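Participant: Residues per chain are reported as follows:
Protein chains: 2
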Amino acid sequence: MRTYLECIPCFLRQSLDGAKLVSTDRGLQEKVLREVLERASKMDLSDNPPAMAQYIHRLIRQHVNNDDPYRQIKQKYNQWALELYPYLKERINVSDEPLGVALRLALAGNIIDFGANGGLTADQAQVTIEQALSVPLPGGALEHFTRATGQAQRILYIGDNAGEIVFDRLLLEELPREKITFAVRGGPVINDVTREDAQMTGITEIVEVIDTGSDAPGVILESSSETFKRCFEQSEIIISKGQGNFESLNEVPKRAIFLLKAKCPVIADHLQCRIGDWILQIENQLYIQEVNAG
Amino acid sequence: MRTYLECIPCFLRQSLDGAKLVSTDRGLQEKVLREVLERASKMDLSDNPPAMAQYIHRLIRQHVNNDDPYRQIKQKYNQWALELYPYLKERINVSDEPLGVALRLALAGNIIDFGANGGLTADQAQVTIEQALSVPLPGGALEHFTRATGQAQRILYIGDNAGEIVFDRLLLEELPREKITFAVRGGPVINDVTREDAQMTGITEIVEVIDTGSDAPGVILESSSETFKRCFEQSEIIISKGQGNFESLNEVPKRAIFLLKAKCPVIADHLQCRIGDWILQIENQLYIQEVNAG
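As given, the protein sequences belong to chains A and B, one line each in that order.
Take 407 as the starting number for the first sequence in the numbering used here and just add one per residue.
Take 407 as the starting number for the second sequence in the numbering used here and just add one per residue.
No wet-lab data here; the hints were simulated from the structure.
Being a predicted model, the structure only gives us computed values, none of them experimental.
Treat the hints with care, since some could be wrong.
The list treats identical chains as interchangeable, and a pair is accepted whether it falls inside one copy or across any two copies.
[Stated by the list, open to error] The calculated lysine to aspartate or glutamate pairs, modelled on EDC-like cross-linking and capped at a C-alpha distance of 16 Å, are:
1. K495 with E579
2. K437 with D423
3. K426 with E412
4. K482 with D621
5. K635 with D683
6. K437 with E412
7. K635 with D502
8. K585 with E639
9. K585 with E614
10. K585 with D502
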């Protein structure tokens, strides 16, 4: 997906919010903002939004001289989700439709994202989880998901955020694990998952884990590692979590399942849905689950 | 008031919204946005926010080649408010406290501002008017306002937006008009009032009207006309409507009454109030009327 003009004010807001989250130094915040303004004035709008986010967060890390300023936040959210894990696992186990429940939870997990929702509270997360457990999937979506993943011999599951990764684990456990490779980011960026998160949440124990070789909060194939590109090519289908992966992969000619919550007006407009709706785009077929604000 | 870092993403949003409101040409919108990004990367944060807004809206007018792209919108809102005028006038006339009601309506009129609230509907405006008619002013505010305006021999009333100007007229009619000069902008900028609006709404018939000599959506004294500066100096007190005037005048050493609705997080933080609250700052004393969202 290209960058829309409407993304630009939002990049600036994200730059400032990001800088504020990791430093109280107003001079530093100002420097970050000015550099992003300068860069944005010349940016190529045919780049996808995660390319700009990659630039912004590299800049912030460089200015605060900390290669992973979100580490503690990521650990906290992983921990929070791990504590929920037994409860959610039990809900899946007692269900008549375990894969459907796991899929809904994987979607619900996508709300745990500081990029679009800095002020998320545990209460809001809880509401979303209960919604996930009660709201049905759009008609035909589960069957399509089952068919698409059942036929594939190799599946690449591309993770998104810390915390959310525990919800991904629940879904991975309902799928044929031996066919699946799970991809994390090649380096820290915002609260996106890296190998450290995959280890902390036990993903490395259940499936093969690779990384993209890049610190983009999405998948920019041109700058990904050869290992990742090979795995991407050799997988018959990818499961892509979250908006950043969608924005960077939705135009790549590849069988794909995109699972995300629509988090901004640009994506909602692009998908013709409302902000907050749950999106399953399976092999180019769009399933939208309208969700009332909790 | 200086420009806060938090104003900058908002400038970008305003630039894009402004360009979109007056042109559907995406190329033009992009040009405006890029020029504002470039300018903002070098801006002096000690300038007040209306200085940047002045730059942005000059740029938009120049690109669309239209010296007053908001003219029709201004006329529409003036017309809308003029139709309400007899009803509001009657409410003042039957009140035990006509000046208090007029003052509350003048505050309510400040919601009619496309800068901060592009999607304002007539229904929302109506709710605010009814609130103004039912919610009391903060304790002591009316007495302080009455005392401050009663003592002054010359008063400069600085207008803000089209539509709102009709509400200003209601307040002007409750004050000693012979002592008052009403100031409009020196040239079109957003939906701010110019001489044309003062004429359309009958202000020119009831008080002397001057203009600032500048197209800033606020009062930047350095770049105002000599006539305006003289009137400003010679007035014992100014009545300043709206956030743009507040942002550009709140640090000028001058007896002043600021009437505004707090419309953004920066001003709410600055005034230690909530967005939407009604603010009366009378001779450096702050009166805050909390308002529940309508």
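Participant: Failing hints, ascending?
Facilitator: Structure breaks hints 4, 5, 7 and 10.
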